[in-house]
Structures are given as structure tokens and as C-alpha cells.
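K.L.:
What follows is each chain in one-letter form.
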Amino acid sequence: MKKKSAKRLCTIFLAMSMLLASVLATGCSSKDPVEAYPDQDIRIIVAFNPGGQTDLISRKLAEIIEKEDILPVSIVTVNMAGGNTADAINATLQADPDGYTFFMHHSNLVTNYIMGNLETKYDEMDMLGGIMDQPFGIVKRSDDDRFADVFELVEYIKAHPGELTCGFPGYASPGHFALLQFLAANGISGMVQEVPYAGGAEAIEAHLGGHTDLRATNMGDSARYVASGDIEFLCMISQDVNPDYPDVPTLKDLGSDMEGLVLHTGLFAPKGIPEEIKTKFMDAIHKAMETEEFAQFTAEMCNTMAPTDAETFKALYDNDLATLEELAKTLTQQ
Amino acid sequence: MFLESLLSLLSPMNLLLIVAGVIWGMVFGAIPGLTATLAIVVLIPMTYGMGTVSGMTMLIAIYVGAISGGLISAILIGMPGTPSSITTAFDGYPLARRGLARKALGAGITANFVGCFLGWICLVALAPQIAKFALKFGSFEYVAIILFGLTAVISLSGDSLSKGFIMALFGLLVATIGTDPTYGMYRNTFGLDMLRGGVSSVPAMIGLFVVSQVFIEVEQLSQKFLFPKPEKVGILLTLQEWKSNAVNFLRSGVIGIMIGILPGIGGALSNFIAYDQAKKASKHPEEFGNGALEGIIASETANNASIGGALIPMLAMGIPGDAATAVLLGGLQLQGLQPGPLLMTEHPDLVYGVFVALLLSSIVMFVLMMAGIRIFPTLLRIKKSYLLPLVLVIGMVGCYNLQYSINDVWVAIIFGIIGYFLKKFNYPTTPIVISLVLGKMLETHLRLGLLVSGGSILPLVTRPISLFFVVLTATSLAISVLKMRKEKARG
Numbered sequence: 000m001k002k003k004s005a006k007r008l009c010t011i012f013l014a015m016s017m018l019l020a021s022v023l024a025t026g027c028s029s030k031d032p033v034e035a036y037p038d039q040d041i042r043i044i045v046a047f048n049p050g051g052q053t054d055l056i057s058r059k060l061a062e063i064i065e066k067e068d069i070l071p072v073s074i075v076t077v078n079m080a081g082g083n084t085a086d087a088i089n090a091t092l093q094a095d096p097d098g099y100t101f102f103m104h105h106s107n108l109v110t111n112y113i114m115g116n117l118e119t120k121y122d123e124m125d126m127l128g129g130i131m132d133q134p135f136g137i138v139k140r141s142d143d144d145r146f147a148d149v150f151e152l153v154e155y156i157k158a159h160p161g162e163l164t165c166g167f168p169g170y171a172s173p174g175h176f177a178l179l180q181f182l183a184a185n186g187i188s189g190m191v192q193e194v195p196y197a198g199g200a201e202a203i204e205a206h207l208g209g210h211t212d213l214r215a216t217n218m219g220d221s222a223r224y225v226a227s228g229d230i231e232f233l234c235m236i237s238q239d240v241n242p243d244y245p246d247v248p249t250l251k252d253l254g255s256d257m258e259g260l261v262l263h264t265g266l267f268a269p270k271g272i273p274e275e276i277k278t279k280f281m282d283a284i285h286k287a288m289e290t291e292e293f294a295q296f297t298a299e300m301c302n303t304m305a306p307t308d309a310e311t312f313k314a315l316y317d318n319d320l321a322t323l324e325e326l327a328k329t330l331t332q333q
Numbered sequence: 000m001f002l003e004s005l006l007s008l009l010s011p012m013n014l015l016l017i018v019a020g021v022i023w024g025m026v027f028g029a030i031p032g033l034t035a036t037l038a039i040v041v042l043i044p045m046t047y048g049m050g051t052v053s054g055m056t057m058l059i060a061i062y063v064g065a066i067s068g069g070l071i072s073a074i075l076i077g078m079p080g081t082p083s084s085i086t087t088a089f090d091g092y093p094l095a096r097r098g099l100a101r102k103a104l105g106a107g108i109t110a111n112f113v114g115c116f117l118g119w120i121c122l123v124a125l126a127p128q129i130a131k132f133a134l135k136f137g138s139f140e141y142v143a144i145i146l147f148g149l150t151a152v153i154s155l156s157g158d159s160l161s162k163g164f165i166m167a168l169f170g171l172l173v174a175t176i177g178t179d180p181t182y183g184m185y186r187n188t189f190g191l192d193m194l195r196g197g198v199s200s201v202p203a204m205i206g207l208f209v210v211s212q213v214f215i216e217v218e219q220l221s222q223k224f225l226f227p228k229p230e231k232v233g234i235l236l237t238l239q240e241w242k243s244n245a246v247n248f249l250r251s252g253v254i255g256i257m258i259g260i261l262p263g264i265g266g267a268l269s270n271f272i273a274y275d276q277a278k279k280a281s282k283h284p285e286e287f288g289n290g291a292l293e294g295i296i297a298s299e300t301a302n303n304a305s306i307g308g309a310l311i312p313m314l315a316m317g318i319p320g321d322a323a324t325a326v327l328l329g330g331l332q333l334q335g336l337q338p339g340p341l342l343m344t345e346h347p348d349l350v351y352g353v354f355v356a357l358l359l360s361s362i363v364m365f366v367l368m369m370a371g372i373r374i375f376p377t378l379l380r381i382k383k384s385y386l387l388p389l390v391l392v393i394g395m396v397g398c399y400n401l402q403y404s405i406n407d408v409w410v411a412i413i414f415g416i417i418g419y420f421l422k423k424f425n426y427p428t429t430p431i432v433i434s435l436v437l438g439k440m441l442e443t444h445l446r447l448g449l450l451v452s453g454g455s456i457l458p459l460v461t462r463p464i465s466l467f468f469v470v471l472t473a474t475s476l477a478i479s480v481l482k483m484r485k486e487k488a489r490g
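Residue numbers (numbering that gives the first Met the number 0), protein chains in the order written: chain S, 0 to 333; chain H, 0 to 490.
Chain S on its own, in the form it takes in the complex (with noise of 0.2 Å):
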């Protein structure tokens, strides 16, 4: 008899506490939408396979973004590699502007933008703002000595026009523009075979193999084979010196004042997203940013942390549209 009184107290104690939940469960979801963000897991679209750049910054943040309970919710990746990085972007113009899609992308949009190959210009999307940064090099195996720096480049070229070939990854990716910037700086544009390859990977693969000559690469795809002594840098595509290679001559060292390509990748978002929400999660953001973890992260990666806000943002990708325009009309016109 006791046992059974005590079986119905805790069935009634449960029931309580499910309708007290319940209630508040319905109490938290009557409140506005832009207070209570973030009530559901918020996913980053990524443009590309697992495995690459941009993947792993965006799973890095989120890593982050958990361990340190930055955020009550977690940051799923989502990968929509197809249809040429046009799947993801119509993903994400599609999406609803509610804060729990974003899209983490970078200058691919505008290079693929001029070439054609991409009908959505960047600004159609929302501009959050930028997270990371990354220079452009050419390199040459260690044991190729038929030139043994950028000035000798050069020369070969000139004395030996379409001889030389030139991996990178994907026609009309930043890392093309980036060869084509080191091309025209020099006044040898046309002269050398531009070879696009699937992906970076690939074309370290076919450059490390000797069946092309020159590589144009960001710093993170090469720094590990200059370190094994396999590459080395030629030239670096910027009017700086690199920090890392304070050695590598640079386009200035060439005379040049040709303002080299940075590889600018930040977070886009469908338009239409309140104010506060937007800041909520970029706060969030920068936290993780500002953490060792993610400094350790960036260091490997060769990448330079570049959190600008969403107008310096939207100027840089701007001020690269209208110079690689100019490039672009340049090498058409011959």
C-alpha cells in the first residue's frame, strides 16, 4: 500500500514538473526572437570540401566558440562544395536572414566575379566582416637551378617566353590573379603556361613531382615544404616584407608598386538580419579570436588575423575588384 501511494507521488511530481517545464519552455519561446538569440545551433556554410582552408577555420571558431561556452549553442559546418562555390552562395541567399546561417567565404568571390564564372557579385550578400588574412608567393623547387632567385626568374623568362609552367588552384581563383599580378608587374604577362589544378593539394602534388616549374601559393599551402627544404619562395606578391620571410625579395624589391593580392576571408550572411543579432554573433566571434588557442591556430596556418568590421571589409574587397578589373581589361586587350 505505502509503495504504491509512493509510485503515484512521484507520478504526480513528474507531471508537475513537465507542465512547469513546459511552461517555461513556452515562456522562453513567447520572448523576442532577438533576445533570446541564440536559442538553436547556428550553421556556417562553407564552399568547399572537409579537409580544406576555410573548413577549418570555420571548425576551429566553432571548437572554440563550445569549449569556452562563448555561446549557449553550437556551430555546425556545413559543406555545400558544388556547382563551382555557386551552391553555397545560393544557399545562403536563400536562407532565411534570422542569424542561424552564415557563410564564410573569401576573395574567391571576387576574382571568380570578373572572370565570369560567378554570376552573384559578394555585396548581394550582407558583409559581417573579416577574420583572416593571407599573402600570395611564387615558389620553385629547391633543386630546380636554372634560376636561383626572382631577378633570374625573370630573366629566364624573358629569354625563354612560354617555356615555363605555373600551377595554382582553380582558373580564376585568387591564387591565379595572384600569378597574373606577379606576371604584369614584371612586364612578362603571356609569358609563362598558367596550369589551374583542382585544388591546392593537386597542384602541390604535380609541383613537388617536377611537372610544372612554378607554384603561385598562399603562405599557408607551402610554409611546411619550405621548412622541409623541398620549395623556396622566389618572391613574395606584396609591396611588404613577409614577417616570416623577411629574406624574400618583394614586388617593391622589383620595382613594381603593384599592390599584391590578399587573400581576405571573413563572413557573409543572407541580407535582412537585425542589427542586434549581427553583433551578438561577430562578439562571439571575436572572442574566439582574441583566445591563445586560436593565435597558436592562426600562427600554423601562416594566416595573419584581420578582424575588420563590415565597412573596411566590404572597401577591401571593393578596392580589389576595381585593381584586378583593371588587370583583367589589360590582359584581354593583348
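Simulated from the structure, these hints should not be mistaken for lab results. Being a predicted model, the structure only gives us computed values, none of them experimental. Glycine included, every Cβ here is placed at the ideal spot set by N, Cα and C. Keep in mind that the hints are not guaranteed to be accurate.
If the Cβ cut is set under 7 Å, some of the chain H residues that face chain S in the computed set are [said to hold, decoys possible]:
| # | residue |
| --- | --- |
| 1 | Tyr47 |
| 2 | Gly50 |
| 3 | Lys135 |
| 4 | Gly183 |
| 5 | Ile318 |
| 6 | Gly339 |
| 7 | Ala370 |
| 8 | Tyr403 |
| 9 | Ile416 |
Stretch by stretch, here's where chain H covers chain S in the computed footprint (C-beta under 8 Å, at least three residues) [claimed, not checked]:
| # | region |
| --- | --- |
| 10 | 169 to 175 |
| 11 | 250 to 264 |
Starting from the structure of chain S, add chain H where the hints point.
P.N.:
Below, chain H without anything else, positioned relative to chain S:
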């Protein structure tokens, strides 16, 4: 050093991680559409807190489980769980329908283990040298080896060679749809947005092997189950079977490792080539496709040997051997390591950890799967009217999960309908998948090669490695033609 790693990895916690990883991978591998890559990606966040070696151990266990698990659905319900088990279904399913499911599973699992082990030996003994050799493969070498792979169409065409060629050409045509691999321009999309990404081979495979198979099975609902209750036959290979398959094991293993090492080609090609070669070498090729153990052994040895192969360029050079190892590399980078040529000297503990993890995972996989032979048939011997809708829905979800794109689901459905009619008119569907897997790769490498060579096709026969494969291709074709003439003369 190796022993130290072995002892440190033998802790109960690590063994638990391996067991959990293998089981998790097996589930993903067995379900059509869920890939090894996805199985690893989903569990990467779990490895964050584990430390590099333990995390890596678990991810490798998942990889081994996922590649091995594909044979369960291939044998029992005739629907390959992954592209690397397509040829397993050809002989496994007929055996299962004859009540010999246990025999087929036993042979496949043994082959999995042998494949893993051969790959492991290569990885441990020769990784740096092999990685250097693999770098010698430029675009023309890839073109030659892909051409060699395409000759597998002959063996996988079924009764009519001309029908097989028609299907292979259809596949090559479909492979041209989508984004141009060199310049990124859209072509043959008929103005449809959904075709811009092209037709990927995995959803097409699910359409041709799962969806259309479901349609065909639905027609015969009077038959309640897909396969009869398995007879109680021995699951281990007999001494005689070991003896007669020794060459087969070795040949398929070497093919699997070779294909695995070459970045970007992947395990699907290794089971086509190994199956094709096993059939050509066999004394009774007519049994292939009707339940030849050799076919299962060739296919499953090769796809598992590819694991060790794919890990070689990853550890030695920091270059992924396939999509799954690309994710493993990403996992390492998230742990704060930069894999590259220096990994072996700077982080030997990790490298030895990977060696040990691969060995332990294959042992655990073998034990678990052998023990599971009793369970799998019971799990899948559900009434057709319940099983088929379930398989169809899971396959669709799997397709969507590949790239979170509804287009892939449409591809699977459309190819399911195409496949249904092709099967009705007795056209082989495998050549379509072979062309889809290889077509775009062939074009990419041919065009890159021509860009580098300045438009000359001659390097295909002047470069030694590519010449070797061109000769191999020609020989393979010649043997097939001669055989057919002989058969015609006889018949």
C-alpha cells in the same frame, strides 16, 4: 618505438575508442549513401578533447570500419553501401540468394583483413619511398592509368559487349555535364541550375544500384525476403580456397595499394580493376557474376588495401590520398599539427600511432565483423515490404548529405528510373558508373597534361610510366578480343 606505441595504445580507453570507431564506421559503410568521409567528419568534434594520437586512432578506426562495412549491404541485399564495394555485390548477392550468405560474408571479411594488412605492411615499410615514387605520376601517367581502368568495362559488361560500350559512352557523355574542370565554365547544363554542379558518381550509383533495384524487387513482393535463411556453412576459408586465391589476394592487394597512393583517384577504381584482373586471370571466368568467391575476394582485398595506400602520401607528404584522408589531415590541423614532409621526423609518436591504430583497427574490424555474421542476416532479413522503403529513404537521405544539395537526390531518383528500364532491357549499368567515376578525371588530367606539354599528346608514350600503362591497356584489350574470337569460333 613501434612497441612503445603499441603498448601505449593498448590501454583499455584506446581499445574502447577503436571498437566504437569501427562499429560507427561499419554502420556508415553499410548504409548506401553514407560515406567514410561523412562518418569521419561527424565525429571530428568528439576528438577535440582527446589528444592527437587518441583522436587520430579513433578516426582511423572509423575509416577502416566504413570501408569494410560496405560489403554487408552489397552481399546481403545486393546494394553496395559505398562505390568501393560495387563489384562485391556482383558475386556476393547471388551467393546470398542461394543461402550461402555466411560463406560470402566470411570470404569478404577475410579479404578485408588481408587487404588492410597488405596496405599496412606497405605503409610501415616503404612509406617515404613510395610517396616519392607516387609524385612521379603527372597528368599523362594519370591519363594512362585511367584508360587502363576503363578497360574494366569489358569484364563488367555482362553478356553483350556492345551494350556495355553504349553504356560506357553514355556515362562519359553525362560526365561532361556541369562545370568545366579546367576553366570553371558551365557547359551542357541545358540552362538548368540543377545541372551546374554536374552529375556526381555517388548519387548516380545509388540511383542505378539502389533505387532501380528497389523498383525491381517491388515487382516481386510475393517473395517475402530478399534472401533465404542462410545455411549453416563454415565462415572461414578452407585451406584449398586459401591456396587457390593466394595470387588473387596478392594481386588485388597490390592494385589496391597502387590506386590508394595516387591522390584523387580513390577506392572505387581499385575494386573495378582488381575485379577485372581477377576475372581475366581466372580459370572459370563464367562464374564471375554468378557467385564466384574470387570476385568477392578481389574486390574486398583491393578496397581495403587502398586505406594503407591512401595514408602513405598523407603521412609522408601531407597530401591526401582520397576524400577521407583529406578529412583526417584537416583533423590533424585542428589539433595544431601541420602535416607535411617533416611530420615523420618531427612527430614520430603520431606516425607510429597511426601505424599501430591501422593494425589494431583491422584486427578489431575482423573480429567484430566475423562475430557479426550471425547478426547481419537477422538484421536485414526483414520482410521486403518493410525493408525496401527503409532502404530507399535512407539512400535519399544519404544523397542529400553528400553536399547538402537536393540536386543529388534528383540525380539518384532520375538514375533510378533510367536504371530500372536499362535492367528491364538487359543493359549493364556498371559501365555507366565506371565512366562517371573516371570520365571527369580523365578529362581533367588530359587537359592539364596538354596545357603543360603545349598541346602535344606524345608524352603519353614517351614517358616511361605512362608508356607502361598504355602497353598494359593495349595488352588487356588484345587478350579480351582474342578470347572473344576463340569463344565465337567455338560457339
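K.L.:
Compare the structure with each hint and give your call.
P.N.:
Tested hints:
A least Cβ separation of about 6 Å between H/Tyr47 and chain S falls short of the 7 Å threshold, and the interface hint therefore holds. Look at H/Gly50: its Cβ only gets to about 14 Å from chain S, farther than 7 Å, so that hint breaks. Because the closest C-beta pair between H/Lys135 and chain S is about 6 Å apart, less than 7 Å, the hint holds. With 7 Å as the threshold, the beta carbon of H/Gly183 comes within range of chain S, its nearest partner Cβ sitting at about 5 Å, so the hint holds.
Interface restraint check for H/Ile318: the shortest CB-CB distance to chain S comes to about 5 Å, inside 7 Å, so the restraint holds. A hinted interface residue such as H/Gly339 counts as satisfied when its beta carbon comes closer than 7 Å to some beta carbon of chain S; here the least separation is about 3 Å, so the hint holds. Interface hint status for H/Ala370: violated, as the beta-carbon distance to the closest one in chain S is roughly 32 Å, over 7 Å. Hint on H/Tyr403 holds. Least Cβ distance to chain S is approximately 5 Å, under the 7 Å limit.
Of the supplied interface hints, the one on H/Ile416 is violated, with its beta-carbon coming no nearer than about 22 Å to a beta-carbon of chain S, more than 7 Å. Here the region 169 to 175 of chain S counts 3 residues with a CB under 8 Å from a CB of chain H, which clears the bar of 3, and the coverage holds. Counting residues of the region 250 to 264 of chain S whose CB falls under 8 Å from any CB of chain H gives 0; the rule of at least 3 is not met.
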